[in-house]
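**Student:** Here is what each chain is made of, one letter per residue.
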Amino acid sequence: MDLLLNILLGVTVAATPLVFAAIGELVTEKSGVLNLGVEGMMIMGAIAAFAGTVGTGSYVAGILIGALAGAAMGGLFGVLTLTLMSNQVACGLALTLFGLGLSALIGQSYSGISLPQFPRVDIPLLTDIPFLGPLIFGQDALVYLSLALVAGVAWFLARTRPGLILRAVGENHEAAHGIGYPVIRIRYLAVMFGGACAGLGGAYLSLVQTPLWVEKMSAGRGWIALALVVFASWRPLRVLGGAYLFGGITIMQLHSQALGLQVDAQILSMMPYLATILVLVVISRDRVKMKLNAPSCLGKVFYATS
Amino acid sequence: MSESPILKLENVTKTFPGVIANENVSFTVGRGEIHALLGENGAGKSTLVKMIYGIQKPDSGEMTLMGEPFSPSKPSEARAKGVGMVFQHFCLFEALTVYENISLGLSAAEAKNGDLRKRIVEVSTAYGLKVAPSQLVGTLSVGERQRIEIVRCLLSEPKLLIMDEPTSVLTPQEVSVLFQTLRRLAAEGCSILYISHKLDEIRALCSKATVLRGGKLVGSCDPRQETAKSLAEMMIGATLNKPVRELPEPGEIRLKVQDLSLDSEEQFGVDLENVSMVVRAGEILGVAGVAGNGQTELMEALIGERPCRFARQIQLDGADIGLAGPRERRAAGMCFAPEERLGHAAVPGMALWENTLLSAGKTNDLARGGLISPGNANRFASQVVADLKVKTASVKSAARSLSGGNLQKFIMGREIMQAPKVLVASQPTWGVDAGAAAAIHKILLDLAGAGAAVVIISQDLDELFTISTRISVIAGGYLFPSQPTEELTVEKLGVAMGGRAKEVEATRAADAAAAEPAHV
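Just so you know, the sequences run in chain order A and B.
Residue numbering for the first sequence follows our numbering, beginning at 118 and increasing consecutively.
Residue numbering for the second sequence follows our numbering, beginning at 12 and increasing consecutively.
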C-alpha cells in the first residue's frame, strides 16, 4: 500500500512539469506557431525560479520569476519568427541550445545549493484520510495549479471568443487577417503564454522535484512535452492524460527493481522516448485524422500581404 | 436612381512599387444600385475595392460614404460604417463550424447581440440562403460557403455590399439563386458593387457599369444598353479573336481510365468513385465541375503522384501504366500541367531554363548521364519563350518573377514541346487574361490536331465549350459519361455539376425520347 502510494505520488511529481510545458505548447501551436524551443524555455524557467527563490527567499516570487523567464524566451522566439519571419523550426532548435547554454552560465554559482522540501498542502482531516488523503488533498500547490491550467485552457479554447479567434488564426491566418484580426499580436501572446507555462514546468523541476539546480536538468522533458501535444492531437484533456501516462513510465523505471523486474536501467530510461516515437508513428499513420486536428497553419510563416 | 449617392470616389490613386494599381479613379454608386466594376485581370478592380473595404489605403484622392468623408484604416471600421464584402477567396476556416465562422466575421458586440444562432437561421431563411449553423465549413460546397459569407455580411445590415467575382466558382443554377438574392437586396435599398469580367452576367444583373483598364477609368455605361462585344472592347481596348475548333476525326484510343477509385488524402477532400474515361487521338476531353469535387484527386491519379490499385486502371496506347510513377508516365509519352503553377508545375525560385529540366529533362535531352546540359536546356527554354511569346527578361529569370499568365504559357509550352501523346492540364487559363487564354487555347487545339489526346480539367465552362470535343462533368468524385460538346448546353452541365445525377439521367432520357421519332 505504501509502495503504491509512493508510486502514485511519484507519478504526479514526474507528470506535472510535462503538463505545464505541454499545455503551453498546445496554446502556442493552436495559434499556428511551432516552437521547438520548449526545452530551452523550460531550463531557463528552472534556473530563474531557483535563483529567484534563493535570492528572495520566497517560493511565490521564485515561481513568478521562472514563468517570466520562460515568457521572455517565448517573446524572443516571437521576435525572431513573427517579426523577423525566420524559420520556426530552426529558431526553435536555436532557442533550446541557447537556453541550455545560458542557464548553465547563470547557474554556475547556484550548483551545490539546496532548497528545503517544497511544502505540500495540508488540510486537517481531509489530508489525513488514509491513501486517498495524501493523493487528493496532500499534493503541492503547483500540481493543483497545473490541473486548473489545463481546465482553464480547455474552457478558453472551446468556449470563449478570444479562444475561437486564437484557433481561427492557427487554422487560416490569411482569412483571419482578411477579417481584420491582428494575427501577429495574437501569436505573440500565445507564444509568450507557452513560454510562461514552460517556465513554470522548469520551476517545478528545480523547486519541487529535486530541489536543486543541476545543469541540463530538464533532461529532454521539453521534447517529450512537444511530442505530447501531437500525441494528444491538440486536445487539452488528452495532454493531461498523456503527461500522466509518460510520468508513469518514468516512475516505473525507478521502481522496477523494487517490483522485481530484471531489466537494465538503460533500457528503462529509454522507455519514455521509445513510447513517444511509437505513439507518433501510430497516430501519424492516419493522415486524414492528423490533419483534422492539427492547426492548418502550424509552422507557416505569415506575411501580411495587404 | 436616387437623390444622394451611397459611395463616391474622387481621383483615387494607389501605387505599389513599380506598378500603378489605380490612377485618378472617380465614380459614384447610387442607393439600391447594382453597380458593376468591370476589367481584365490586373486592371485594378481588386485594389480599388480593398481600399473601400479598408484593407489598403489610397495614396491620394477622396472617398465619401453617405455624404461623409470615408477613409477606413481597417476592415472592421468599414464594416462599422455599413460596408460589407464577400471575397473571391473566402475568408473561412474549414475546421470551424458555420456558426463559429460567422461569429468571427462580426465584431464582438454584434456577435453577442441576441442569440446569434437564431439570427443566422432567420436571415438565411429570409433571403433563401440555407445554412446549418453547426456544420463544419470544410464539409460544405463552394456555393454553400459563399452563402455563409453573404449571411455574415447581411447580419451587420450593410448599406453597401461588395462582391468580388462571386460567380467564378458557382454552378449556373447557383448563380441564378445568387442573382435573385442580390436583386432583392437592391430592392430593399442596399447598394451592391459587383466585380466581374463575365459580361453576360453583368448585362443581366447590373444597371450601371464602371470599366477599368490598366488601373485607369476608361468609361461608364448602362450595361443593359450595351452588347457583350462592346463591353469586351471597352475592357480590353482591342478586338479579340476566339480560336476556332476544327479537329480531325478522332483516331485510336490513347488514354483509357477504367473504374478508378481513390481515397482522398486531404482532410476535406473528395474520394474518386469508379472514374472511367476514354480519350482518342485528336480529341480534347473537358472535365467540368465546381472546385473541390475530385479534380485534385483525379489530377493526382492521372499524373501518377498516387498510384492506382491495379496497373490496368490507366492505359496509355493499350499499355497498363496504373502503377507507374510520374517519371515513368512522362517517359511513356504523357505530359501534365497541374493547376498550381508555383510549387507544383514550376519551382518558384528556379530560373526558367532550370524549370525545363523538371519535366523535359529526359524527353528533350537536357541532361545526360546524370549531368545537366545547360546549353540544351537554355536552347529549349528560349524556344518555348519565343514560340509562345512569353514575356520575360530572359530564360534566367526566376519562375516566380513572371506574371501568372506568362508563367502558365511557359509551362504549357514546356509540356507541349515535348510532343506528348497525352496531355493532361488542370485549369490551363485560370487567372490568365483573355489574350493569353486565347493563345493557350490555340496551342491546345494545335496539339490535338497533331494527334495527341488532351484532357482539360476546368471550372470555366466557356473555355470547355470553346475547345473541347467532348465534356464530362465531375461531381462528388463521380465522373459522368462524356457527351459531344454540340449536344450540351450550359444548363445541362450545370445540373450535373450540382451533383444531381438523377436529374441528369431524366433529362437524358427525355432527350432520347424526343429524338426517337425523328429516326423512325
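Hints are supplied without guarantee of correctness; some may be wrong.
A few chain B residues facing chain A, derived, Cβ under 8 angstroms [claimed, not checked]:
| # | residue |
| --- | --- |
| 1 | LEU103 |
| 2 | SER114 |
| 3 | ALA120 |
| 4 | GLY460 |
Calculated directly from the structure, the hints in this document are not laboratory data.
Note that the structure is predicted; figures quoted are calculated from it, not measured.
Yeah, the Cβ is synthetic: ideal placement off N, Cα and C, and Gly gets one too.
**Student:** Check each numbered hint against the structure and report the violated ones by number, ascending.
**Tutor:** 3 and 4
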